[in-house]
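Chemist: Sequences and hints are given; from them, build the entire structure.
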Amino acid sequence: MHSNEVATLVKKHVDDIRIVDDRCLFATSDKQRLENILRALRVQKVTHISAITGVDTGNVVEVIYHFDCQPAELNLKIPLPKDDLKIPTITEIFPGAIMYERDLMEMLGVKVEGHPDPRRLFLPDDWPEGEYPLRKEWREKSK
Amino acid sequence: MTFVVPIGPQHPALKEPEFFRFEVRGEEIVDVDIHLGYAHRGIEEAFSRRNYKHNIYLSERICGICNVVHSTTYCQAVEQLAGVEPPERAKYIRAIIMELERIHSHLLWLGIAAHQIGFNTLFMLAWRDREYVMDLREMISGGRVHSATNTIGGVRRDVKIEHVPTFLRGLEKLEQSTNYYINLFKSDRTILARCTNLGVLSKEDAIKFCTVGPTARASGLKTDIRRDDPYGAYDALSFDVAIERDGDVWAKGMVRLREILESIQIVRQALKEMPGGPIRIRVGLQIPPNETIERTEAPRGELLYYIRSNGTEIPERVRVRTPTYGNFASMKSMFVGGTIAEIPIVIWGIDPCFACNDRVTLVDSRTGKTRIASFDELRRWRK
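From first to last, the protein sequence lines stand for chains A and B. Under the numbering used here, the residue at position 46 of the first sequence is numbered 46, and the numbers go up by one with no gaps. Under the numbering used here, the residue at position 237 of the second sequence is numbered 1237, and the numbers go up by one with no gaps.
Just so you know, the hints here were simulated from the structure itself, not pulled from any lab data. Mixed in with the good hints there might be a few duds.
Unchecked claim - With a straight-line Cα cutoff of 30 Å, these simulated DSSO-like cross-link-like pairs (lysine-lysine) come out:
1) A/12 - A/86
2) A/45 - A/31
3) B/1272 - B/1222
4) A/86 - B/1208
5) A/82 - A/45
6) B/1332 - A/86
7) B/1332 - B/1186
8) B/1222 - A/11
9) A/77 - B/1160
10) A/12 - B/1208
11) A/45 - B/1208
12) A/136 - A/86
13) A/136 - B/1053
14) A/82 - A/12
15) A/45 - A/136
16) B/1332 - B/1203
17) B/1208 - A/11
18) B/1173 - B/1160
19) A/77 - B/1222
20) A/45 - B/1332
21) A/141 - A/45
22) A/111 - B/1208
23) A/111 - A/12
24) B/1053 - B/1160
25) B/1053 - A/141
26) B/1203 - A/45
27) B/1332 - A/111
28) A/77 - A/141
29) B/1222 - A/45
30) A/31 - B/1208
31) B/1173 - B/1222
32) B/1186 - A/77
33) A/82 - A/31
Note that the structure is a prediction, hence the values are computed from the model and not measured.
Modeler: See below:
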């Protein structure tokens, strides 16, 4: 699907869409509507998730899912306030996301609810609880 | 009754650290667990503490083997953020160096795979041929491995007209040897006995676990970012996407060998069609707030960079998703049902690239339970 087709598909579930070009678009939604988007993508035979990125923007952590819609890349943003950092797992629909969600949990402290294997991925086992290296607070602390 | 066989952190195939915990019943593998992070260096965070120019060198050091594709992806992403287009000639030079990188990476794979199956003559031959590529890279970029060719807005060194004949001679030799290796792969008893029906990844599993690169193509998935989402000069270059259907180690090797031939053709075509003109433009480093993603086809598969800028010379966030990271989720289905003897070659089948921080697994011989000891704990014992 090209960017326009992806935009038409997800339009009713997202707040705003920015089409960069024919093969790249950004969209913002929330966690309540996430499952609808995933199911809509799945029906259109989108099976590949390229990555999940977490960005700390201060009071909000943005979780960005990068879906490969052949050829367009859909970058779906879900902003989560820092006092409620929880998001449901997408591994039931996209099993390939299992590693990326573990990464998201340990690096930014986003709790992925229902994850089948919520262990650490890269950080050592004796890394202190509650310390998340990609958070803004951690950056201030480690300067 | 199952036993646990810990393998690593010393890699059975490559001099890089990670840890595999195999659960076996007799010779058969029933489960596998992978511990990563022995070489975690915090590069994503380091990106947000350096300016765009310094980050070129940082991105090149994520991976030694595929350094050019990392820096190209990074530079292309920054160029997109800044809204500039590099000159056409620079795009062709990038493509040439990236394809040379793919050839040398695949030959390196072939050599180590041959070593894993006890075919050391082929190991020596493949690495001899890899030297041709290294010489060509040195000739045009000044570095055998780290070429430091890319910069934001183009490339730093031009391909000179007097380099072309040497290039074509080098490619000729490589083509001959690759054709020989392909014949060998189809006919040699050792290779067929040690590579067919091992570590099979079905097409369904390849789709399910979002595999990328030669690993996916060996399972029959026609995916290649150079064709699906063309970047740089790849829009204008023609090539075939090599795919195989079997999903075993043999298919993964065959895909890589056929890709070498395609890469040779791409380099020839690029040398022939390369336009003249400047090789770089100057780009201001104060990049306004924006975000972008860039995807490229590294030797091991899809490489993704996400960059967010904030108006300063330092990026707000850089996310790197390397191809091996994308292929890890599929490893379990390659191992389960196999035997211990095939572990090294199956691991090597996905051409893993790990980058370290040590830990040890302890197996209690009475209860059979395992636990991980931390570095601190080990240090206390030593005292």
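Chemist: Is residue 82 of chain A close enough to residue 45 of chain A, meaning Cα to Cα at most 30 Å?
Modeler: violated, 33 Å
Chemist: Measure nothing beyond the straight line between the CA atoms of residue 1053 of chain B and residue 1160 of chain B; if it is 30 Å or shorter, mark the hint as holding.
Modeler: Holds - the C-alpha atoms of residue 1160 of chain B and residue 1053 of chain B are around 26 Å apart, at most 30 Å.
Chemist: Does the structure keep residue 45 of chain A and residue 1332 of chain B at a Cα separation of 30 Å or less?
Modeler: Given pair residue 45 of chain A, residue 1332 of chain B holds - Cα atoms ~24 Å apart, limit 30 Å.
Chemist: Residue 1186 of chain B and residue 77 of chain A: Cα distance at most 30 Å?
Modeler: Distance of about 47 Å is beyond 30 Å: violated.
Chemist: Quickly compare the C-alpha distance for residue 12 of chain A and residue 1208 of chain B to 30 Å and report which way the hint goes.
Modeler: holds, 27 Å
Chemist: Holds or violated: are the alpha carbons of residue 111 of chain A and residue 12 of chain A at most 30 Å from each other?
Modeler: holds, 27 Å
Chemist: Would the pair residue 1332 of chain B and residue 111 of chain A pass a check requiring their Cα atoms to be no farther apart than 30 Å?
Modeler: Roughly 25 Å separates the two Cα atoms, so the pair holds.
Chemist: Can you confirm whether the C-alpha distance between residue 1222 of chain B and residue 11 of chain A stays at or below 30 Å?
Modeler: Between residue 1222 of chain B and residue 11 of chain A the Cα gap is close to 29 Å, so the pair holds against 30 Å.
Chemist: Is residue 1272 of chain B close enough to residue 1222 of chain B, meaning Cα to Cα at most 30 Å?
Modeler: With a Cα-Cα distance of about 28 Å, the restraint between residue 1272 of chain B and residue 1222 of chain B holds, given a limit of 30 Å.
Chemist: Does residue 86 of chain A sit within 30 Å of residue 1332 of chain B, going by the straight-line distance between their CA atoms?
Modeler: holds, 28 Å
Chemist: Would you check the hint for residue 12 of chain A and residue 86 of chain A, treating anything up to 30 Å between C-alpha atoms as holding?
Modeler: Roughly 23 Å separates the two Cα atoms, so the pair holds.
Chemist: Going straight from one Cα to the other, do residue 86 of chain A and residue 1208 of chain B come out at no more than 30 Å?
Modeler: holds, 25 Å
Hints 5, 9, 15, 21 and 32 from the earlier list are contradicted by this structure; the remaining hints agree with it.
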